[in-house]
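For reference, the chains in residue letters:
2 protein chains.
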Amino acid sequence: MNPTDLSTHDAFLDACIAAIGDAHVLRTPADMAGYLTDWRKRYTGQARAVLRPGTTEEVAAIVRIAGAHDVALVPQGGNTGLSGGATPDVSGTQAVLSLARLRAVRAIDPANNTITVEAGCVLADVQRAAREGNRLFPLSLAAEGSCTIGGNLATNAGGTAVLCYGTTRELCLGLEVVTPSGEIWNGLRGLRKDNTGYDLRDLFIGAEGTLGIITAAVMKLYPLPAAQMTALAAVESPHAALKLLDIAQRAAGPLLTGFELMSDFCLELVGRHFPEQRYPFSQRYPQVVLLELSDNESEQHARDLFEGLMQTAFDEGVAHDAVVAQNLTESRAFWNLREHIPLAQAEEGLNIKHDIAVPISRIGHFIDETGALIAQAAPGARMVVFGHLGDGNLHYNVQTPEGGDPRAFLKTYQSALNRIVYDNVIAHQGTISAEHGIGQLKVGDNARVKSPVELSLMRALKHALDPHGRMNPGKVIDLG
Amino acid sequence: MNPTDLSTHDAFLDACIAAIGDAHVLRTPADMAGYLTDWRKRYTGQARAVLRPGTTEEVAAIVRIAGAHDVALVPQGGNTGLSGGATPDVSGTQAVLSLARLRAVRAIDPANNTITVEAGCVLADVQRAAREGNRLFPLSLAAEGSCTIGGNLATNAGGTAVLCYGTTRELCLGLEVVTPSGEIWNGLRGLRKDNTGYDLRDLFIGAEGTLGIITAAVMKLYPLPAAQMTALAAVESPHAALKLLDIAQRAAGPLLTGFELMSDFCLELVGRHFPEQRYPFSQRYPQVVLLELSDNESEQHARDLFEGLMQTAFDEGVAHDAVVAQNLTESRAFWNLREHIPLAQAEEGLNIKHDIAVPISRIGHFIDETGALIAQAAPGARMVVFGHLGDGNLHYNVQTPEGGDPRAFLKTYQSALNRIVYDNVIAHQGTISAEHGIGQLKVGDNARVKSPVELSLMRALKHALDPHGRMNPGKVIDLG
Numbered sequence: 001m002n003p004t005d006l007s008t009h010d011a012f013l014d015a016c017i018a019a020i021g022d023a024h025v026l027r028t029p030a031d032m033a034g035y036l037t038d039w040r041k042r043y044t045g046q047a048r049a050v051l052r053p054g055t056t057e058e059v060a061a062i063v064r065i066a067g068a069h070d071v072a073l074v075p076q077g078g079n080t081g082l083s084g085g086a087t088p089d090v091s092g093t094q095a096v097l098s099l100a101r102l103r104a105v106r107a108i109d110p111a112n113n114t115i116t117v118e119a120g121c122v123l124a125d126v127q128r129a130a131r132e133g134n135r136l137f138p139l140s141l142a143a144e145g146s147c148t149i150g151g152n153l154a155t156n157a158g159g160t161a162v163l164c165y166g167t168t169r170e171l172c173l174g175l176e177v178v179t180p181s182g183e184i185w186n187g188l189r190g191l192r193k194d195n196t197g198y199d200l201r202d203l204f205i206g207a208e209g210t211l212g213i214i215t216a217a218v219m220k221l222y223p224l225p226a227a228q229m230t231a232l233a234a235v236e237s238p239h240a241a242l243k244l245l246d247i248a249q250r251a252a253g254p255l256l257t258g259f260e261l262m263s264d265f266c267l268e269l270v271g272r273h274f275p276e277q278r279y280p281f282s283q284r285y286p287q288v289v290l291l292e293l294s295d296n297e298s299e300q301h302a303r304d305l306f307e308g309l310m311q312t313a314f315d316e317g318v319a320h321d322a323v324v325a326q327n328l329t330e331s332r333a334f335w336n337l338r339e340h341i342p343l344a345q346a347e348e349g350l351n352i353k354h355d356i357a358v359p360i361s362r363i364g365h366f367i368d369e370t371g372a373l374i375a376q377a378a379p380g381a382r383m384v385v386f387g388h389l390g391d392g393n394l395h396y397n398v399q400t401p402e403g404g405d406p407r408a409f410l411k412t413y414q415s416a417l418n419r420i421v422y423d424n425v426i427a428h429q430g431t432i433s434a435e436h437g438i439g440q441l442k443v444g445d446n447a448r449v450k451s452p453v454e455l456s457l458m459r460a461l462k463h464a465l466d467p468h469g470r471m472n473p474g475k476v477i478d479l480g
Numbered sequence: 001m002n003p004t005d006l007s008t009h010d011a012f013l014d015a016c017i018a019a020i021g022d023a024h025v026l027r028t029p030a031d032m033a034g035y036l037t038d039w040r041k042r043y044t045g046q047a048r049a050v051l052r053p054g055t056t057e058e059v060a061a062i063v064r065i066a067g068a069h070d071v072a073l074v075p076q077g078g079n080t081g082l083s084g085g086a087t088p089d090v091s092g093t094q095a096v097l098s099l100a101r102l103r104a105v106r107a108i109d110p111a112n113n114t115i116t117v118e119a120g121c122v123l124a125d126v127q128r129a130a131r132e133g134n135r136l137f138p139l140s141l142a143a144e145g146s147c148t149i150g151g152n153l154a155t156n157a158g159g160t161a162v163l164c165y166g167t168t169r170e171l172c173l174g175l176e177v178v179t180p181s182g183e184i185w186n187g188l189r190g191l192r193k194d195n196t197g198y199d200l201r202d203l204f205i206g207a208e209g210t211l212g213i214i215t216a217a218v219m220k221l222y223p224l225p226a227a228q229m230t231a232l233a234a235v236e237s238p239h240a241a242l243k244l245l246d247i248a249q250r251a252a253g254p255l256l257t258g259f260e261l262m263s264d265f266c267l268e269l270v271g272r273h274f275p276e277q278r279y280p281f282s283q284r285y286p287q288v289v290l291l292e293l294s295d296n297e298s299e300q301h302a303r304d305l306f307e308g309l310m311q312t313a314f315d316e317g318v319a320h321d322a323v324v325a326q327n328l329t330e331s332r333a334f335w336n337l338r339e340h341i342p343l344a345q346a347e348e349g350l351n352i353k354h355d356i357a358v359p360i361s362r363i364g365h366f367i368d369e370t371g372a373l374i375a376q377a378a379p380g381a382r383m384v385v386f387g388h389l390g391d392g393n394l395h396y397n398v399q400t401p402e403g404g405d406p407r408a409f410l411k412t413y414q415s416a417l418n419r420i421v422y423d424n425v426i427a428h429q430g431t432i433s434a435e436h437g438i439g440q441l442k443v444g445d446n447a448r449v450k451s452p453v454e455l456s457l458m459r460a461l462k463h464a465l466d467p468h469g470r471m472n473p474g475k476v477i478d479l480g
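Respectively, the protein sequence lines represent chains L and X. Using UniProt numbering, you'd call the opening residue of the first sequence number 1 and step up by one each time. Using UniProt numbering, you'd call the opening residue of the second sequence number 1 and step up by one each time.
Rather than coming from a laboratory, the hints here were simulated on the basis of the structure. Any given hint could be a false lead.
Any copy, or any two copies together, can satisfy a pair, since identical chains are not distinguished.
Stated by the list, open to error - Derived pair list, reagent style SDA-like, types lysine to any residue, alpha-carbon separation capped at 25 Å:
#, residue 1, residue 2
1, Lys-353, Arg-189
2, Lys-411, Tyr-43
3, Lys-41, Ala-346
4, Lys-353, Gly-404
5, Lys-450, Ala-464
6, Lys-41, Asp-445
7, Lys-243, Ala-107
8, Lys-450, Glu-170
9, Lys-243, Ala-111
10, Lys-243, Pro-110
11, Lys-243, Gly-133
12, Lys-450, Pro-467
13, Lys-243, Leu-224
14, Lys-450, Gly-182
15, Lys-243, Arg-189
16, Lys-450, Arg-106
17, Lys-353, Glu-268
18, Lys-243, Phe-314
19, Lys-450, Thr-56
Work out the full structure, taking the sequences as your base and the hints as a guide.
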């Protein structure tokens with residue numbers, strides 16, 4: 001089809017074509033399809049066009065054009081978000097602004113331990129560029145082969161290394177942002193300390209594109225560790241897992257870079273649907289913890305550290321059993337167990353997902369109490385509880401009773417169970433979204449659990465930076 | 001004097017007295033004197049009163065009263081700031097709001113590694129409370145015996161442990177803030193991960209009380225290290241010091257918790273004015289680096305690590321000499337050398353101070369280039385260069401030529417030298433205030449070096465949260 005056939009004398013599209021070229025203004029249903037449905041396939045929207053600018057200046061031009069024509073923009077990176085934050089609404093009036101063509105690694109400065117990357121860089125490419133500079137970029141998560149650093153920043157992504165290195169926010173030193181008025185803010189500083197005014201950087205991070213569009217960032221790098229080692233430990237309960245966490249942090253301090261909890265039912269599901277993923281112990285245990293150490297000295301030192309801390313755990317009756325990966329293959333196999341849990345859940349059937357966090361000291365009580373409430377409300381419901389215990393962050397999911405009909409179960413129970421979980425999260429001073437953001441999925445729940453003061457501060461910031469509401473409307477906060 | 005004698009039928013003061021009690025509304029010159037001059041004695045202001053509320057609710061009441069009577073408030077903690085951010089102007093119309101009576105440790109949760117403290121808690125008391133819970137609160141700086149955690153948060157204080165633990169911002173998980181409209185935002189979350197909206201916390205941190213008043217905070221704690229060890233290494237130049245930093249970070253990773261540079265002239269000044277502070281080597285070297293390791297295993301392990309990394313440094317020709325503290329007394333003596341530099345500078349006479357940071361990879365060039373420019377502009381000027389090299393943060397100070405008249409020197413050269421330093425900082429993509437903030441001291445310089453886009457974003461945030469401009473006016477940003 002000749003693109004000009006599509007022209008409807010649409011002044012907005014004409015201006016976009018003039019600014020970034022016809023080839024980068026997608027408007028056929030076939031061309032746009034991949035941008036209109038979110039990764040979990042919960043949302044499908046419509047768009048006036050999908051715009052793919054190639055430079056920061058082109059992004060700024062698009063934002064100014066959208067302003068002049070009063071068109072709302074929905075920024076999108078790798079489209080792997082879990083809360084529908086990058087999917088347009090169904091009106092067909094919004095335009096998707098894809099950052100995928102801004103994929104340059106602009107600079108790497110190993111002596112400063114920084115890398116400057118454009119928003120559309122795929123996370124795995126950032127990791128690779130760091131490694132080529134003999135450095136570690138520690139952000140790591142399941143979607144790393146397709147998610148972009150811009151999306152990681154927009155949602156303040158977490159992942160498996162938060163325990164030592166922090167979230168994406170804590171890994172970022174500086175940003176370049178196109179503001180809602182189409183200006184370019186160059187805040188690409190590679191400084192560990194800078195106290196010269198308000199923290200604009202952290203306001204744009206985690207705002208899911210509702211305050212401006214992140215086009216590039218300076219990210220922190222670290223020396224490559226000499227060794228990374230993985231172990232699995234069998235414990236009786238989440239309470240025991242917390243004791244093990246304390247022992248491990250006292251022994252290893254910042255060398256403990258991963259601490260993931262998996263209930264036996266999680267591993268049972270993995271075994272059921274992926275039998276090649278071998279259960280690591282000769283008998284079943286109620287809970288298994290995956291520990292990872294990153295050591296700057298040597299593999300032997302990491303091994304000694306592991307053995308020492310596990311000995312303490314055995315002596316104190318905290319752990320039943322443990323196995324240390326002897327090589328990369330075994331280490332990969334341990335991580336595979338963890339990473340197959342969501343896949344096994346999907347195979348088992350539709351389920352209800354929660355990405356919650358509570359203070360680490362309360363996790364055990366939270367699991368006990370909430371589990372009891374759910375058992376009462378939905379008899380036979382099977383809890384799939386796993387996640388980043390060291391960060392207080394659990395994927396606290398509910399699976400249909402054995403043999404039950406998932407659709408009927410969700411229809412009857414989803415809303416009530418969400419409420420039980422979220423109310424108990426808030427009672428324990430936790431959060432209803434630890435690492436997945438709000439997007440469009442949790443706007444309503446968030447408005448329900450946040451204080452009026454906090455909502456009104458958030459609205460004041462949104463109005464101040466985006467007075468016309470053109471940046472990703474309907475996401476993060478309901479303007480009422 | 002009977003306090004009622006002071007009454008001028010001032011409705012604002014009457015309302016304050018009704019809200020927080022007569023004893024906590026200071027209004028005699030003698031009572032107010034300690035609150036009206038900054039720590040460096042650069043600024044002396046006037047105040048309508050000094051208000052000392054005792055609870056968060058009282059702070060909120062004061063803010064509402066100030067709103068009703070259109071009185072501007074100047075929040076103050078320990079009054080140890082270095083940029084005049086807590087000193088009122090000379091008009092006598094502003095009121096100082098002291099947080100000193102909000103000094104409770106509200107909670108400590110060792111299993112969550114958090115402590116909840118009120119803004120007026122003295123930093124050393126926070127450290128002590130953490131230690132009593134068998135935990136480390138790593139923020140440490142010269143004023144720790146009198147500065148408050150609220151002031152540390154308001155200015156995003158740095159100190160000597162940023163290399164591993166980050167600035168005050170990175171040590172904070174949650175805040176309680178009284179907003180400019182006198183509402184209380186309870187954001188006292190103790191979570192490592194929380195992606196439920198805009199990052200209000202980091203907006204208030206570092207805003208120096210211009211967007212609201214921090215009344216309490218949840219701060220991160222860490223396991224107490226098993227050993228802390230200190231060493232001094234003699235090197236030829238800042239360039240060599242950077243090579244040593246790389247060696248140390250590769251060997252020790254996150255166990256390297258301190259890395260401070262001191263030029264020989266700094267130590268010469270210390271020896272001149274504090275002869276009891278012994279120079280640690282048998283011959284003079286151009287630069288001395290103080291290294292600190294915090295080890296979770298043992299003192300022996302830390303010592304081995306030191307010896308290993310110093311051996312590498314000797315093998316690679318990076319270090320001339322090194323000495324490792326054998327006990328706490330020696331370790332204290334090494335830190336004393338570092339901490340006596342500003343005191344020795346004061347003894348030597350008036351001088352020009354800069355608290356700058358540049359990317360770590362550029363520090364060597366920055367020092368070389370800027371030193372040459374200053375030597376040209378002010379022949380004989382003596383450079384006092386020391387600081388947190390591991391963070392890219394230098395106290396880059398200029399002392400009068402030997403035997404010269406400091407007042408005459410400053411009068412002639414201060415403004416020109418400030419401009420040389422700041423312009424070169426910006427040319428190296430650095431910052432004119434790494435850890436001391438803007439206060440009133442650097443409002444003009446900051447406006448000169450920041451981009452119009454950044455200044456306009458900052459103004460938009462200020463207007464959004466404090467539309468009447470009553471929160472610490474004249475600080476951080478000039479509203480023009």
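>> Of the numbered hints stated earlier in the document, which are not met by this structure?
In response: Those not satisfied: there are none.
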